[in-house]
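Q: With the hints as constraints, model all of the structure from the sequences given.
Those sequence lines, one after another, are chains F and B.
Each residue of the first sequence is one higher than the one before, counting from -4 in my numbering.
Each residue of the second sequence is one higher than the one before, counting from 3 in my numbering.
For the record, the hints were derived by calculation from the structure and aren't laboratory data.
Be a bit skeptical, because a hint or two may be false.
Stated by the list, open to error - Cross-link-like lysine to aspartate or glutamate pairs, in silico, EDC-like; alpha carbons within 20 Å at most:
#1 150/B - 24/F
#2 183/B - 25/B
#3 217/B - 25/B
#4 217/B - 92/B
#5 150/B - 87/F
#6 217/B - 202/B
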Amino acid sequence: MEGISKTFTLEGKQFTALENVSFAVDDGEFLSIIGPSGCGKSTLLRLIGDVIPSSGGVISIHGGLAADARRSRRLGFVFQDPVLLPWRTAIENVELPLVLAGVGSSERRRRARELLQLVGLAGFERARPNALSGGMARRVAIARALVLEPDILLLDEPFGALDEITRQRMNGELLRIWSETGTTAVFVTHNVGEAAYLSDRVLVMGTRPGRIVAEVQIDLPRPRTLELLEDQAFFRCTSRLSHHLLASVEDET
Amino acid sequence: MIRVVRSWVIVLAAWAALLGVWELIARLNEHPGTLWPTPRTVFATIVDNPQVFWQNAEVTLKEAALGFAYGVVLAVTLAVVAQTFPLLRDNLYRLSLTLYSIPLIALAPVLVSWVGPGLWTKVIIALLASFFPVFVNTTQALRVTDQKAIELMSVFGASGRQTLVRVRLPFALPAVIASFKIAAPAAIIGAMLAEWVGADRGLGLLMLFSMFSFKVPQLWATLIVATALSLAAYYLFEFVGRLLFPWHGSARQTGVS
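A: See the structure below:
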């Protein structure tokens, strides 16, 4: 296993969404990117996922380009909204990436069922998206992103629209899934607590132009439980992140 | 439940009022029962001799169904072509708009001189009448597919064809079926219209014949049969749409957006 290295150097055009953003992610690491709205953190994630083209700089994943990683289906992406296809059942939605990759139907069914089990949705295989709750729909979206066993799982504020309690539960689930699959995760959020709870390392972004203003190592022990949320060490992490975040906003005013 | 009953009461009352006014006009006319036949006379015409209407309706329905089927195939194919080759999109759109703008009543004689007064004149007119609504709706629906779903497909390394088949077309399907509700009655009207310029049988011909032979109740009866067929065509696709897409509408809130 070689280490993943990714470098971004993005010189934007007239409107500079991101400027000279450079960082690397290790194999199996959980990295979060936080920043105020409009700092370009979602854009950054979309660039890694090769959903949108960059205007400069290089993104490399395991030595190849992001576009190659996308085409060879080594990326998993979870959007802000679950984006499930409403005419497909839960299991058919999870199967979709396998269908596109041309995997045979029995193999498809087997792997999709495993993934639904992993995200705690065994028994909901035949449910239609409109019958699922917000949290369940996000679990399906995560299962779908993981079904191809991607090198990197990209998550764009996946739980932003959920209520606080569901969000915390989903974060716990996400950590469990991440440790069980051993995948590399890049998680975008504007929630400081969420970033500290989940990550090995957090990148703090500032606005206009979007750039990285700080990098914070989170040395909290794993496995992390909900009790951690009341721990002094956890508070020290969140306050450090908040401090950087506030500083990044004050810079421009 | 009460609301459902009440709405039915209103519908029935409206129909009763309509028939009442009709009856009244028919009776208070200068020539009672001739220029304005009473509802009873009209319905009696249908009940007394149903074969006349059925035989003619059968012919018209066949023409309309063929024209509709060809029109739908052509419209959906061209819409997919327009979606796949954006350069062609505007030109195809303009071309079909021009075709649609040709008055069908003027085109019918031209077609008769080309392909004769047989089945195909009617089929082509029905095709032209049903093509445009389907084409417009399908192009539009293919274009406004949920952008997030398109991004999703791109993340999974889907090809353009896969995105079209797996996402764009299924997303467009409810709108396509909805356009059938306009196109199918249009095909029936188109077929009847084509029958006016020459036919052996058909509801259009029956109307013309009734008019020239002063069979006023039969003329009215034909009108009612034709209206009923158009309504049936509409509700057929309304029903099909609901049957096929139970997720549509409600799904937009929780499933996709």
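Q: Where does the structure disagree with the numbered hints, that is, which hint numbers, in rising order?
A: Those not satisfied are hints 1, 2 and 4.
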